[in-house]
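A.B. asks: The residues making up each chain are set out below.
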Amino acid sequence: KQEVTQIPAALSVPEGENLVLNCSFTDSAIYNLQWFRQDPGKGLTSLLLIQSSQREQTSGRLNASLDKSSGRSTLYIAASQPGDSATYLCAVSRNDMRFGAGTRLTVKP
Amino acid sequence: NAGVTQTPKFQVLKTGQSMTLQCAQDMNHEYMSWYRQDPGMGLRLIHYSVGAGITDQGEVPNGYNVSRSTTEDFPLRLLSAAPSQTSVYFCASSYGQLSTDTQYFGPGTRLTVL
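Sequence lines, in order, name chains A and B. In this text, residue positions in the first sequence follow our numbering: the first is 938, and each later residue adds one. In this text, residue positions in the second sequence follow our numbering: the first is 214, and each later residue adds one.
These are calculated hints, taken from the structure and not from any lab test. Every residue, glycine too, gets a C-beta built ideally from N, C-alpha and C. Careful, some of the hints might be misleading.
Facing chain A, according to a computed beta carbon distance under 7 Å, are these residues of chain B, among others [claimed, not checked]: (1) G255; (2) G319; (3) G321.
Here are some chain A residues the structure puts well away from chain B; computed CB gaps all over 12 Å [as the list claims (entries may be wrong)]: (4) V950; (5) E954; (6) L956; (7) V957; (8) N959; (9) G978; (10) R998; (11) S1002; (12) D1004; (13) K1005; (14) D1033; (15) M1034; (16) A1038; (17) K1045.
Result set (DSSO-like, lysine-lysine): computed pairs, CA atoms no more than 30 Å apart in a straight line [stated by the list, open to error]: (18) A:K979 / B:K222; (19) A:K1045 / A:K979; (20) A:K979 / A:K938; (21) A:K979 / B:K227; (22) A:K1005 / A:K938.
Here chain A stands alone, though its shape is the one from the complex:
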């Protein structure tokens, strides 16, 4: 059974800092990995999707990497801003989509 883990569960950083969020999964036989953002009381917004054949994807200040063989992905956020405060979830897909519990990020002004 696929297990997805995100560490840390919560992270607080000062504005302007670069940061890395971690995601690990137990079964490397995946089709893709997605990173989502969830604001309080809201649905999920897809940030980046990495296909299993890819190593990384970039969108603006966000960069996601995938190491399928080791079962790890990272989400790098450059020059963090208070507006980046949210919960970030990763999810892996094969027959279905399995989510981690998320990392709650707070960026302090």
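Following the hints, complete the assembly by docking chain B onto the known chain A.
C.D. replies: Only chain B this time, still in chain A's reference frame:
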């Protein structure tokens, strides 16, 4: 496009009552799914559909029914509500199959079962 819409936003039920959570999308997506999100846990898949007339079970299907009579709509039915079904429910859709396409999520329905 309205994207993925869900109604109601909030609902309180008594144990044993039944209800239907509505989900609709206007993007002509084939794939639709229902998840529940509980505190401290990731989203868990309840049921999914790869097209009109086709549904299948996810990780936690017990106590829930679905049907897909049209491409646009994918309602989730709670047959006899239990306190363990207190959760936030999300509907999602994607253009193609789950394995390759970006998922679009609705805003969620917060359900409390007393």
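A.B. asks: Evaluate each hint against the coordinates.
C.D. replies: Evaluated hints:
1. Hint on G255 of chain B holds. Least Cβ distance to chain A is approximately 3 Å, under the 7 Å limit.
2. The restraint placing G319 of chain B at the interface with chain A holds, with a minimum CB-CB distance near 5 Å, inside the 7 Å limit.
3. Satisfaction of the interface hint for G321 of chain B is found here, the shortest Cβ-Cβ separation to chain A being roughly 5 Å, below the 7 Å cut-off.
4. The Cβ of V950 of chain A lies farther than 12 Å from every Cβ of chain B, with a closest approach of about 22 Å, so its non-interface assignment holds.
5. For E954 of chain A, the condition that its CB be more than 12 Å from all CB atoms of chain B holds, with the nearest at approximately 26 Å.
6. Even its closest Cβ contact with chain B, about 21 Å, leaves L956 of chain A beyond 12 Å, as expected for a residue assigned away from the interface.
7. Its beta-carbon lying about 19 Å from the closest one in chain B, V957 of chain A satisfies the requirement of being farther than 12 Å from that chain.
8. Remark: the non-interface label on N959 of chain A is consistent with the geometry, its nearest Cβ contact in chain B lying 14 Å away (cut-off 12 Å).
9. Its closest Cβ contact with chain B, about 8 Å, brings G978 of chain A to no more than 12 Å, contrary to its assignment away from the interface.
10. Non-interface status of R998 of chain A relative to chain B is upheld: no Cβ of that chain comes within 12 Å, the nearest being about 19 Å off.
11. A cut-off of 12 Å between C-beta atoms confirms that S1002 of chain A is not in contact with chain B; the least separation is 18 Å.
12. With a least beta-carbon separation of about 19 Å from chain B, D1004 of chain A lies farther than 12 Å from that chain, consistent with its non-interface assignment.
13. Remark: the non-interface label on K1005 of chain A is consistent with the geometry, its nearest Cβ contact in chain B lying 14 Å away (cut-off 12 Å).
14. Here D1033 of chain A does not stay apart from chain B, with its beta-carbon only about 5 Å from theirs, under the 12 Å limit.
15. Its closest Cβ contact with chain B, about 6 Å, brings M1034 of chain A to no more than 12 Å, contrary to its assignment away from the interface.
16. Some Cβ of chain B comes within 12 Å of the Cβ of A1038 of chain A; the nearest lies about 5 Å off, and the non-interface call is violated.
17. Every CB of chain B lies more than 12 Å from the CB of K1045 of chain A, the least distance being 23 Å, so the non-interface label holds.
18. With a C-alpha separation of about 10 Å, the suggested pair K979 of chain A and K222 of chain B falls inside the 30 Å cut-off, and the hint holds.
19. About 21 Å separates the Cα atoms of K1045 of chain A and K979 of chain A, which keeps this hinted pair within 30 Å; it holds.
20. As the CA atoms of K979 of chain A and K938 of chain A are separated by approximately 28 Å, the hinted pair is consistent with the 30 Å bound.
21. For the suggested pair K979 of chain A and K227 of chain B, the alpha carbons sit about 25 Å apart, so the restraint of at most 30 Å is met.
22. With a CA separation close to 16 Å, the supplied pair K1005 of chain A and K938 of chain A stays within the 30 Å bound.
In summary, the structure is inconsistent with hints 9, 14, 15 and 16 from the numbered list given earlier, while agreeing with the others.
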